[in-house]
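S.K.: Protein chains in written order, with numbering that gives the first Met the number 0: chain A, 0 to 142; chain B, 0 to 142; chain C, 0 to 142; chain D, 0 to 142.
Note that these hints are calculated values from the structure, not bench results. No incorrect hints appear here.
Copies of one chain are not kept apart here, so a pair can be met inside one copy or by any two copies together.
List of simulated lysine to any residue pairs, SDA-like, C-alpha gap at most 20 Å:
1) K99 <-> G45
2) K99 <-> D76
3) K130 <-> Q115
4) K109 <-> G119
5) K99 <-> P58
6) K99 <-> D47
4 protein chains.
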Amino acid sequence: MAWELGSQIGRAGWVLLTGGRNQGVMDAASRGAKSAGGLTVGILPGSDRHAMSAAVDIPIVTGMGNARNAINILSGDVVVACGMGAGTVSEVALALKANKSVILLNCDDKACTFFQNLGGEQVFVATDVTKAIARISQLLQVD
Amino acid sequence: MAWELGSQIGRAGWVLLTGGRNQGVMDAASRGAKSAGGLTVGILPGSDRHAMSAAVDIPIVTGMGNARNAINILSGDVVVACGMGAGTVSEVALALKANKSVILLNCDDKACTFFQNLGGEQVFVATDVTKAIARISQLLQVD
Amino acid sequence: MAWELGSQIGRAGWVLLTGGRNQGVMDAASRGAKSAGGLTVGILPGSDRHAMSAAVDIPIVTGMGNARNAINILSGDVVVACGMGAGTVSEVALALKANKSVILLNCDDKACTFFQNLGGEQVFVATDVTKAIARISQLLQVD
Amino acid sequence: MAWELGSQIGRAGWVLLTGGRNQGVMDAASRGAKSAGGLTVGILPGSDRHAMSAAVDIPIVTGMGNARNAINILSGDVVVACGMGAGTVSEVALALKANKSVILLNCDDKACTFFQNLGGEQVFVATDVTKAIARISQLLQVD
Chain A
0 MAWELGSQIG RAGWVLLTGG RNQGVMDAAS RGAKSAGGLT VGILPGSDRH
50 AMSAAVDIPI VTGMGNARNA INILSGDVVV ACGMGAGTVS EVALALKANK
100 SVILLNCDDK ACTFFQNLGG EQVFVATDVT KAIARISQLL QVD
Chain B
0 MAWELGSQIG RAGWVLLTGG RNQGVMDAAS RGAKSAGGLT VGILPGSDRH
50 AMSAAVDIPI VTGMGNARNA INILSGDVVV ACGMGAGTVS EVALALKANK
100 SVILLNCDDK ACTFFQNLGG EQVFVATDVT KAIARISQLL QVD
Chain C
0 MAWELGSQIG RAGWVLLTGG RNQGVMDAAS RGAKSAGGLT VGILPGSDRH
50 AMSAAVDIPI VTGMGNARNA INILSGDVVV ACGMGAGTVS EVALALKANK
100 SVILLNCDDK ACTFFQNLGG EQVFVATDVT KAIARISQLL QVD
Chain D
0 MAWELGSQIG RAGWVLLTGG RNQGVMDAAS RGAKSAGGLT VGILPGSDRH
50 AMSAAVDIPI VTGMGNARNA INILSGDVVV ACGMGAGTVS EVALALKANK
100 SVILLNCDDK ACTFFQNLGG EQVFVATDVT KAIARISQLL QVD
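So here's chain A without its partners, still in its complex pose:
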């Protein structure tokens, strides 16, 4: 699903920004974006390019560990969370704190409800990639 999301982001001509590592959702989304000719940015936690996804075009090396999550969400126009590991939860929460719009993709009922209670109108639950992409389009037009 992350790969498909990245792919459709790339096809739309948007820049994909992720945490930049060579694993999980970050890597799949970046590879998806590259497959569609998109441009990818990776905000890396380490102090060099170690463990970077091969599908990242522009590595930003922060040397700040998970404090870089705050940069991830401030830098994006829209935040899409795919899955719900602890790192992702911190990013969704930081995004809500920063008044960013958040799209939750592939979250279970309890996680969706938790964040909808926390963020109200800022949170949109997308049941598939196409609905997430439609929501991004809508948000970018409003801005």
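Fit chains B, C and D to the known structure of chain A by using the hints.
M.R.: What follows is chains B, C and D alone, placed relative to chain A:
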């Protein structure tokens, strides 16, 4: 409840570390700790001491906004969350990511369940301040 | 000189990364790079895109003030300092600390000497843009 | 000299804040302060307390490498540089950028001149610890 928690932390001779601002849980906990003769550290988001709680002894001025949440949780031996605003949610998530023990105080059922699912054994739900303090004691001894 | 440097970086097909603001060397270099069809990244100090150079393609919004200088130097393959304000001095020093190669362009004798004493072989003094570009080429080939 | 500086800071009842590691100037100053009964804060670069000076009372764990230098200088009322490694140079420059007063202790002529040119009135050169302490007293009274 935050004031009472701070007070008992101060009485125990532990250092209280908060986000340092003059509002909400941070301020109440810091004032509680000072009332009991404790030492308080405040990790401030701004680039000066503007809006600092008057009950902070040692201000750490980060100039990093909510990225300072990552410092809050790395610096503590134990993380206690009191209430569940977006900033607190980000800190609990970052704490779990960093393998820290987290105590949830004053969380509603859904928030408690959400984080227990996410963090398993790392998460302890305390129904009152006394139980939170007992858990901190236990964790500090194990370390 | 910053404009010319950016222009030659863009022409070489390299990505230009600066502090991203709409003033001074950052802005001039970014505009130079765009004039040559280059790609520009701006690591912004603020928590939004306020005061961003119009010539930045990819804004990274850090919300970290001058702590973002550490990201600037870790993210680059080569660091070029053009002029010597306090922000630039901090970046050159952080670059030396991180074992990065630094090229000093347009520095007065005392500043050049100071940094050559501090950084030894890591520091290269370029008397004009062409020599700086030649040095970058050389460093990128060695890597 | 760092030990003596820390010792006199501790004796004056001021809080000593350093980079917190168990080496060089940071460690010597912290040990000096403890010898005089002072309170010491250490802003650590790593993501745990590894390599912390044993003379640090309050460790702040940033996980941010040398980006933590920006926190060091924002948190202090006065910045004292003792010696001139690359890390220290970055801190003096960041301090000047943040409009902090800086005292240079134990710098050679060229380094002193370089920073006096850069910072003007913000920079005070102290030829010994007693003069540095006198200058700190003066600056704290003005505030």
